[in-house]
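Please put together the full structure from these sequences, using the hints given.
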Amino acid sequence: MIQLTVNGKQYEVDVLPDMPILWVIRDKLKLTGTKFGCGAAQCGACTVHLDGQGIRSCISPVSRAVGKEIVTIEGLQPSLSKPLMEAWTEIDVPQCGYCQTGQIMAAAILLRENNDPSDQDIDNAMSGNICRCGTYQRIRKAIHLAAELKRSAT
Amino acid sequence: MKPSGSISRRQFIRSTALTTGGLIIAFHVPAGIRKAAALTETSLFMPNAFLRIGADDSVKVLLSHCEMGQGIWTSLSMLIAEELDADWHKLQVEHAPADTAYYHTIYATQRTGGSSSLYSEFDRYRKAGATARHLLVQAAANRWKVNSNECRTENGYVISGDKNVRYGELVQEASALPAPADVPLKDPASWKIIGKEKIKKLDSPEKINGKAVFGMDVHIPGMLTAMVSRVPVSGARVIRYNEAAAMAVPGVRQVVKIPTGIAVLADDFWAAKKGREALKVQWDLGEASHLNSDSLLTELKARADKGGTAATNAGNPDETFSKSKYKLEAEYYQPFLAQAPMEPLNCTVQLSADKCEIWTGTQTQTDDQRAAAQITGLPINKVFITTCFLGGSFGRRNITRSDFVREAVEIAKATGKVVKTVWTREDDIQGGMYRPAFLHRFKVGLDASGMPVSWKQISVGQSVMTGGPFEKVAVINGVDMFSIEGMQTAPFVKKIKDQKIELNTPTWPVLIDNWRAVGLSHTIFAMESLIDEMAYAVKKDPVAYRRMLYKDVPRLLGVLNLAAEKSNWGSPLPKGRGRGIAAYEAVASYVALVAEVSVLKDGSVKVHKVTCAVDCGLAIHPDGVVAQMEGSIGYGLSTALYSEITFKNGQVQQKNFYNYPILRIHEMPEVNTFIVPSNEKPGGIGEASVGQMMPALTNAIFAATGKRIRNLPIKKVNTGTA
Amino acid sequence: MKNFHFTLFHHTWKVIVCIVLAIASVNLMLPARPTNTNRSSAIAPPATIMPKNNPAADDNEKKREQESKAAFAEAYTVFMHPRCMNCHPSGDVPLQGDDSHQHTQGVKRGPDGKGLYALKCSNCHQSVDLEGEHLPPGHPNWHLPTAARPMIFQGKSPRQLAMSFKDSTFTGFRSIDQLVEHVEHDKLVIHSFTYGTRPPLTHEDFVAKVKEWIDKGAALPDK
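Residue numbers (our numbering), protein chains in the order written: chain A, 1 to 154; chain B, 1 to 722; chain C, 1 to 223.
Warning: the hint list may mix true and false statements.
Result set (EDC-like, lysine to aspartate or glutamate): computed pairs, CA atoms no more than 16 angstroms apart in a straight line [as the list claims (entries may be wrong)]:
id, chain 1, residue 1, chain 2, residue 2
1, A, K28, B, D268
2, A, K82, B, E206
3, A, K141, B, E670
4, B, K274, C, D167
5, B, K413, B, E357
6, B, K211, A, D18
7, B, K198, A, E90
8, B, K606, A, D123
9, B, K648, B, D123
10, B, K274, A, D123
11, B, K274, C, E184
12, B, K200, A, E90
13, B, K539, B, E670
Which chain A residues face chain B? A few, computed with CB under 10 angstroms, are given here [what the hints assert, rightly or not]:
id, residue
14, E12
15, K30
16, G33
17, P94
18, G97
19, H144
20, L149
21, K150
22, R151
23, A153
Note that these hints are calculated values from the structure, not bench results. No residue lacks a Cβ here, since even glycine has one placed at the ideal position from N, Cα and C.
Here is the structure:
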């Protein structure tokens, strides 16, 4: 049995230590906001926060999460989720929507570490997240807006 | 001379409509819904299959088409909401169940495709909303003992003088009234929703907060997860596999042989994946083991040398060619492509003695029902499909043979379990149903003004429509019109007196099917590259030249000129930068794209800007149109730069995004979209601009570097410098 | 009395001149102190004093220098192999693969060499190598050199690389012994010999070559 902390709650899961965090949270905890896109750390759809860092959960074994805090889209702290989700809604970013939670989780790391990101900063933060529908231009606009909303909230 | 054996996408649509009896207005409500409603809700107004209004004022729209990112969740709902005068904020949307009530108004089956949802539902959905409003008004008028025309509606209320009543309060009375034969629709001048900029997508909130349910997210109690070892070619068979090794993996429950391969069923995704790896399935690829991309290309060229079936054959193009002032010969090659939607395929099936329940993201509900009925022996109306959000499709979920649904039903049948069959990304990239590889070869003679007077063309590639339900209307006299889509019907080609357009169709074991824009995904690249070469051959500016070619097509001229204007065509650019244009009609809309690019020293391409002019007739959801243009530009750019599926000894060489690379945010150009104001009938959007992006890019590379690219993907440009 | 003083002075003068000459000749005999392009301190290898005008000593010295250069030439093939060079790029982007292309997904060095935002090295690179095609290799300390001290190998000739290793602002080492310590014992270095396409020497042989280069005078390659 493995003890996990996810979105502030404690869980006990009966899985082998090599099971990727992604499948523990999707298949065992039924938290399906985090998505499977490639299983090879190529697309970022699986991005969750582990002790605040944006890891690729599709290849990170659950053993890595023991004693640490996992945060998924469902539990993203309001100081980050509020400006991001408001901006994402204002710009109407999603198309099929499948990649969007991963995009937001990656953007959250950027906003936490940089309160006024430039376009280059956005490239540096977000080039790991694939959007097949091509919403990149709106993602960029939404990140700028989210940063603005976050700055005016504090 | 009028070319024979050719039909445009418009004619294809019209001819299918004729065979299916024209427009269908379904004013009945499927039995399943009526029954469920009776059990769960006391008051529900169900004037037709598309709408349910509750006593709590909730307005539920049922979509006959599926949402895959193209935005119909919102734009179809706008049609109903406009006529209904409901409170927009009380709107809920659902995918309709699989039922004849939801048959496509043209294709006589329940399906989504061809960028046709909005224009095929433009009348039906508005009528659905208008009918409901009419009945609600009648109910209120009856209650107040006034005439209907003394009532008006606004934001979910019926109002007469100082009296008003919520829609929700009227549901019982309205339910008892007979439906009118017909109802008038609103004057567009009074539209508050249709065509308005401020409308936000209704599905965005749940896609942003992670609550949206895609097929991949479905969980049924007791469900097992299955993965299948399969190959993307026909005629293969399994030689051997190690069942015991798979069963030894913790969490694996069963191994079963099915028509497409070997399935491993396990407690969860991870166990299924490890179990399948342990199987070590060995395949005999049969004829397909000789598939090698080099020899496939050689064969395409040899077939082009040989000639094919004539789609058009008029006059004497060879003679006219020899006498032409300008002579141009060019050959364009484009590879097999995977659609690669972000959500890999999946399908959950619960099969019992008397029904088959399916949960998946699919565009082909009726085809899927028929496939499941055939496999299980159940009647079609006992096959229930819950359509989930599609995490992208681009053609992969529009498969008339229902490949992934069939497979999932086979597994449920073989095991008796509730099973979610899932595909990994490798399964997706290697899974077939590719856009076929195509070669287009041209021999064109131009007169002194540059107009083409002789046109000889041989196109070579597999037929997408043969063997499918649309074969009879799409394959005419041996020519799959989708293989040469938009070529013989190009306005200036139709006028050429001396022309021969031939198609040679190989039958290879590679499994092929729909890819976004279908034939236009490769024909527009060939045509707009050739047109660009024609312009340069006669030393005319590419925009000026196209003005000449398209002078009789005002809507195409319109977008051409708008894109040229908004991109500052002709204004000076820094050294090494170039602009390229492509303008074409696609899915009943007109799109012109101007790309502005540089090529860096190492040959990599930098796209700075794309200017898009789109005439889609009436733009029902303008911001949705802009979003689709931006997205298509990203999709087309990614494809032209990077995408190819190659074969070596029958194996697909690409596996995942590390060797089937996708455009990323730092490569996305600035996109500026301009919608031509129009009251023409709505045209399609989803596939309207993918094809144009590719030649706009290569034409711009030519302008920047003098290098003409005739083969895709580009990857890097050989500038001959580094 | 006068003659005695003169003789003494003259004799002393000769002795002084001889001593000076002897010292000068010893200096000429010593291997030249390594020069470098910047003002930092050079690391002097151990000196060996050979008597002047000894042809055998000259030959030995030349041989030692050649051997030192040859040792570096072999070590160079390891330093410039993708398993080492990929994390010692000339730019802000790590290199990837046996063809040392720029790392995909827009990954950057970042100020601390550990990447940026949601693309930090350890976001994908786990603490161990992952099994499976094209899955990232891993180590608990996966990182690049910092932006302040990037330790660039890429694009350097053997001579340039050798000069860099002897420059303490490049390495951050106070003495060249620390270079040996690094290549011999650093865990990330050791790990680089255990996955993917291997460098041309084993770790053991590589360390031996580095030591030999230094022990035999840390000679700078000609090119």
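Cross-check of the supplied hints:
1. Between the alpha carbons of K28(A) and D268(B) the distance comes to roughly 8 angstroms, so the proposed pair stays at or under 16 angstroms and holds.
2. With a C-alpha separation of about 14 angstroms, the suggested pair K82(A) and E206(B) falls inside the 16 angstroms cut-off, and the hint holds.
3. For the hint linking K141(A) to E670(B), the alpha-carbon distance of about 11 angstroms falls within 16 angstroms, and the restraint holds.
4. Proximity of K274(B) to D167(C) is assessed by CA-CA distance (about 50 angstroms); at most 16 angstroms being required, the pair is judged violated.
5. Pair hint K413(B) plus E357(B) holds up; C-alpha atoms about 12 angstroms apart against a cutoff of 16 angstroms.
6. For the hint linking K211(B) to D18(A), the alpha-carbon distance of about 27 angstroms lies beyond 16 angstroms, and the restraint is violated.
7. Among the hinted pairs, K198(B) with E90(A) is consistent with the structure: their alpha-carbon atoms are about 10 angstroms apart, no more than 16 angstroms.
8. For the suggested pair K606(B) and D123(A), the alpha carbons sit about 14 angstroms apart, so the restraint of at most 16 angstroms is met.
9. A C-alpha spacing of about 50 angstroms is found between K648(B) and D123(B), which places the hinted pair above 16 angstroms, so the restraint is violated.
10. With a CA separation close to 35 angstroms, the supplied pair K274(B) and D123(A) exceeds the 16 angstroms bound.
11. This hinted pair does not check out: K274(B) and E184(C) have alpha carbons roughly 38 angstroms apart, beyond 16 angstroms.
12. Distance hint between K200(B) and E90(A) is fulfilled; the C-alpha atoms sit about 8 angstroms from each other, no more than 16 angstroms.
13. Restraint check: the Cα-Cα separation between K539(B) and E670(B) comes to about 30 angstroms, which exceeds 16 angstroms; the hinted pair is violated.
14. Evaluation of the E12(A) hint against chain B yields a violated restraint, the C-beta minimum of about 16 angstroms exceeding 10 angstroms.
15. Satisfaction of the interface hint for K30(A) is found here, the shortest Cβ-Cβ separation to chain B being roughly 6 angstroms, below the 10 angstroms cut-off.
16. At its closest, the beta carbon of G33(A) sits 3 angstroms from a beta carbon of chain B; the interface hint therefore holds under the 10 angstroms criterion.
17. Below 10 angstroms, beta-carbon pairs count as interface contacts, and P94(A) has one with chain B at about 4 angstroms; its hint therefore holds.
18. Look at G97(A): its Cβ gets to within about 3 angstroms of chain B, closer than 10 angstroms, so that hint holds up.
19. Checking H144(A) against chain B by beta carbon gives a least distance of about 13 angstroms; that is not within 10 angstroms, so the hint is violated.
20. Proximity of L149(A) to chain B is violated relative to the hint, the smallest CB-CB distance being about 14 angstroms (cut-off 10 angstroms).
21. Hint status for K150(A) relative to chain B: violated, with the closest Cβ pair at about 16 angstroms, above 10 angstroms.
22. Of the supplied interface hints, the one on R151(A) is violated, with its beta-carbon coming no nearer than about 21 angstroms to a beta-carbon of chain B, more than 10 angstroms.
23. The closest approach between the C-beta of A153(A) and any C-beta of chain B is roughly 18 angstroms, which is over the 10 angstroms cut-off, so the hint fails.
Checked against the numbered hints listed earlier, the structure breaks hints 4, 6, 9, 10, 11, 13, 14, 19, 20, 21, 22 and 23; every other hint is satisfied.
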